[in-house]
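Undergrad: Here is how the chains run, residue by residue.
There are 2 protein chains.
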Amino acid sequence: MFLWLLSLACLSPLLAQSIWPLPNVFEVTSQGTTRNIAPLLKYSTLNSENKEIEINTLTRLYSRYNNLIFSRATGHNGRNKDAIHSVKVVVVDTSEAYPKFDTDESYSIAIDTEVTIKAQTIYGVIRAVESLSQLIEFNVIEKKYEVLNVPIKVEDAPRFNHRGFLLDTSRHYHSVATLKKLLDSMAYNKLNVFHWHIVDTQSFAFESTRYPTLWNGAYTNAERYSKEDMIDLVEYGRDRGIKIMIEFDVPGHAASWCVGIPEICPSTSCLQPLDPSTNKTFEVIDGLVAECTDEVSGNSLFPYEFIHLGGDEVDTTCWTTTPHIDKWMVENSLNASTTYKYFVEKAGQLALEHKKSPVQWVEVFENFGSALDKNIVIHVWKDPEIINDIVSAGYKTIASSYDYWYLDHLELTWETFYSYEPTKFILDSSNNQYLIGGEVCMWSETVDDSDLFATVYPRTSAGAERMWTNIDIVANNDMDDVLERLEVFKCLMLERGIGAAPVTNKIGRFQPREPGSCYVQRR
Amino acid sequence: MFLWLLSLACLSPLLAQSIWPLPNVFEVTSQGTTRNIAPLLKYSTLNSENKEIEINTLTRLYSRYNNLIFSRATGHNGRNKDAIHSVKVVVVDTSEAYPKFDTDESYSIAIDTEVTIKAQTIYGVIRAVESLSQLIEFNVIEKKYEVLNVPIKVEDAPRFNHRGFLLDTSRHYHSVATLKKLLDSMAYNKLNVFHWHIVDTQSFAFESTRYPTLWNGAYTNAERYSKEDMIDLVEYGRDRGIKIMIEFDVPGHAASWCVGIPEICPSTSCLQPLDPSTNKTFEVIDGLVAECTDEVSGNSLFPYEFIHLGGDEVDTTCWTTTPHIDKWMVENSLNASTTYKYFVEKAGQLALEHKKSPVQWVEVFENFGSALDKNIVIHVWKDPEIINDIVSAGYKTIASSYDYWYLDHLELTWETFYSYEPTKFILDSSNNQYLIGGEVCMWSETVDDSDLFATVYPRTSAGAERMWTNIDIVANNDMDDVLERLEVFKCLMLERGIGAAPVTNKIGRFQPREPGSCYVQRR
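If you're matching them up, the sequences are chains A and B in order.
Residue numbers for the first sequence follow the numbering used here, beginning at 1 and rising by one.
Residue numbers for the second sequence follow the numbering used here, beginning at 1 and rising by one.
None of these hints come from the bench; they were simulated from the model.
Treat the hints with care, since some could be wrong.
With the Cβ distance kept under 7 Å, some of the chain B side facing chain A (calculated, not the full set) [unchecked claim]:
no., residue
1, G75
2, R171
3, S175
4, A177
5, Y219
6, D449
7, S450
8, D451
9, D480
10, G497
11, A501
Cβ atoms here follow ideal geometry from the backbone N, Cα and C, with glycine treated the same way.
Chain A with its partners taken away, still in its complex shape (with noise of 0.2 Å):
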């Protein structure tokens, strides 16, 4: 009855019908029904004890997809006897509590004569539901929702635990509106941390309490995130499935610091990296840890199991060349080199001290090997080949390499993004559950709001089919295919306001090269 999909094209009398990133059993009924989805789907939530309950994050998961999946009018209601009228919701944890690293988001789907949805958790329903979101297509000749080759049956989990997309809004601010819709975004790529590099040379947007003149260093008045957007930004990402993991990148990438505490800096003319002699500096570190991880009433800001560090890019001339700490230095009979490890090591006690995993960049292994605390992350966004070292150590790492997954770097196109196999330099393959996921980066010194989102899609669902998806499917894809479901996909986000650049460019964020279809372009 079931057909293994092979061949996409086929499928399909309109487009090629899949999900991105494609589950691990996808199998439709080749020659099947094509059933009519009445608007609005009916959605029931189910515990494991067959009880019909109600879950606020699906209830507003639910309007939300019946708002994105019957965007166009029909003229009519699309009710017949054959529609589908329903989903069947069952969900066996039913916590709306934070997500964890670990959390389940496994689920299955099968459409019938009606839709059933299982899953463990109501992030693996989140996760569902925009799989689901995928196969209704709209019939503009007939007006009609549909689904086409039913019976379907989709078994799906996640291979990586971490899955993420990093955005710089230091070199730009970048507005909460566009926040939220990058968090929507990354929903639709069933990607579920977002990395918020949020403080760097350029402008310090954060708002602290303990320290309310740091925000000084922001461009303006208003390019700045207060306590409440960041609690609105966390909440908006829960509420998809989404983990807001931050990042203070010390002691380099720092300047702006400097505007609303000038004496953590080694000096008005030389500002970073941060100065390591003064015990202010790590009271201020430690302070903005707290405000971020400690628990307040059972909730703390950013409750993600890690905080990032930073610790990349350190140019140590700062720290020689001011004299109070190079004396300081000889005194404690450290160089530059110990002293930016007495440094990153601190930091990253800091954290551990707020019972949160520090991850910091891969200068730091780079640098102290396996000297360095075990429960440290180490995110690796130069050459992979570190990473088997790293794994061998024993230290959990998230890869990142830049000739692969930066998005600033536009001349990489989809298939590199999509080609890179993070597991691709372990040796030895028990290690690696030590790779506990990826992340694409954007770093936004050319990106702002009007440029972001053709500057990092399609390339990051590329990358977000490589970190979701099952290595041996992903391996065995024919490019042909994946180029077909990729541009259909593409297609998908421009109807949802995501305005994803044309895929087959050459460069990121080119423009359309010609006039013609958006779901068949020029190569």
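Following the hints, put chain B in place on chain A, whose structure we already have.
TA: Just chain B now, kept in the frame of chain A:
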């Protein structure tokens, strides 16, 4: 008490306080009161007898703007005793009927201890609430909404009745969701005509009920606009005071018609201009015009008084080289030029028979001058000098000169869009009455949903102020002040999800050149 707005920079501790496009009277109180605004504002609508009434269009407007203005979390309700809680709206003509060419859009706003809006029509109220929204700033530091320099007085009315934006949805299909977002953005800019260039050589996405094969000329099944989509968009526009002017560009730019109805094209190898020798061609055009304009139970599909029928860039080679057309021309004592005249006049006549004013591109005037029916409106896309001849001959005209207002000309900067004065070449100012307005034009060869907004904004905003604001104000503006206001307005558009490009780009849709603030960019 009031100070005429001279220098914006000094007025606000945050940002330039202004309204884009600039109102005819905009008086703020220097060193005046900063008034808190309590979210959400409560609007009450009063008719001219001071009786409170409910008008559905306005109820939706108030709700929309409450969402738009109060989008940031504050953590409190902003209600202190001095805060403004409510807006009183007085509207004389309470009709929700479709706006006409000369519908009154004037309005006034007074902000003191409360806000009072007055307008002749609901469409004036729509403009007023947009202006009010631009005066309410979010103070992220104090986490509150406020209006600076109160009391404030605004008195405003548009200079031109027809303030248009042309989008070509044939070279690339733009999703219905994107068209709605475009209409939103037009309302922010107080533009009031969406000129929908829906059909061209490349695709025919318009659903014709009478000729249902025509939209087989669409790129794909999905890239089509149904009648229901159009009804939806027309109402969406009306709700925002925006009329839709549909265009069928004949006889050139029409090859996509041949997919559905091959017999109206010269031959299978020579597709356009449409075949003038067969009645079927005019039957089809008449059918389309009828579908768009004939009233069905009191409404037509596109109720605006104007319908655009193209007439531009007609290469008559296919007529002279196709034997049956050449034979027909000889038999009727016509040559290519007189056949062109026959065609465009007949097309225009069809519009008039359906009680619509036909708009045609400037070539028809170039070729036939005052021999044309006086009801034809001439749309000038080429050199603007000809406008003098057109208005002198008593024809209404719309200005869109490609050297100033063509958005696909990426080398045209915002200053160029701002500087174009449509009446410039009119020698006898008594003829200015014939210049009914202008349109900025987005031809979509290299524009799809991914780059549309960065290509058209902020340049469209520059054109919008030229079309809205009194010429005496615009002509005397200091361009540094204009730039500062435009930067602020661009950032507001970004906040509202409209991806306007950096203002100081030397070419359209170029990315930001370096890290920096949204408000203050390198020139």
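Undergrad: All hints, please: hold or fail.
TA: Now for the hints, and whether the structure bears them out:
A least Cβ separation of about 4 Å between B:G75 and chain A falls short of the 7 Å threshold, and the interface hint therefore holds. Because the beta carbon of B:R171 sits about 4 Å from the nearest beta carbon in chain A, less than 7 Å, this interface hint is met. For B:S175, the interface hint holds, the least distance from its beta-carbon to any beta-carbon of chain A being 5 Å, beneath 7 Å. Taken as an interface hint, B:A177 checks out: its beta carbon lies about 5 Å from the nearest beta carbon of chain A, inside 7 Å.
About 4 Å separates the beta-carbon of B:Y219 from the nearest beta-carbon of chain A, less than 7 Å, and the hint is met. Checking B:D449 against chain A by beta carbon gives a least distance of about 4 Å; that is within 7 Å, so the hint holds. Using the Cβ-Cβ criterion of 7 Å, the hint placing B:S450 at the interface with chain A is satisfied: the shortest such distance is roughly 4 Å. Because the beta carbon of B:D451 sits about 5 Å from the nearest beta carbon in chain A, less than 7 Å, this interface hint is met.
Interface hint at B:D480: violated, since its Cβ lies 18 Å from the closest Cβ of chain A, which is beyond the 7 Å cut-off. For B:G497, the suggested interface contact is upheld, since its CB lies about 5 Å from the closest CB of chain A, less than 7 Å. Given hint, B:A501 at the interface with chain A, holds; its Cβ is 5 Å from that chain's nearest Cβ, closer than 7 Å.
This entry does not satisfy hint 9, going by the numbered hints stated previously; all others are met.
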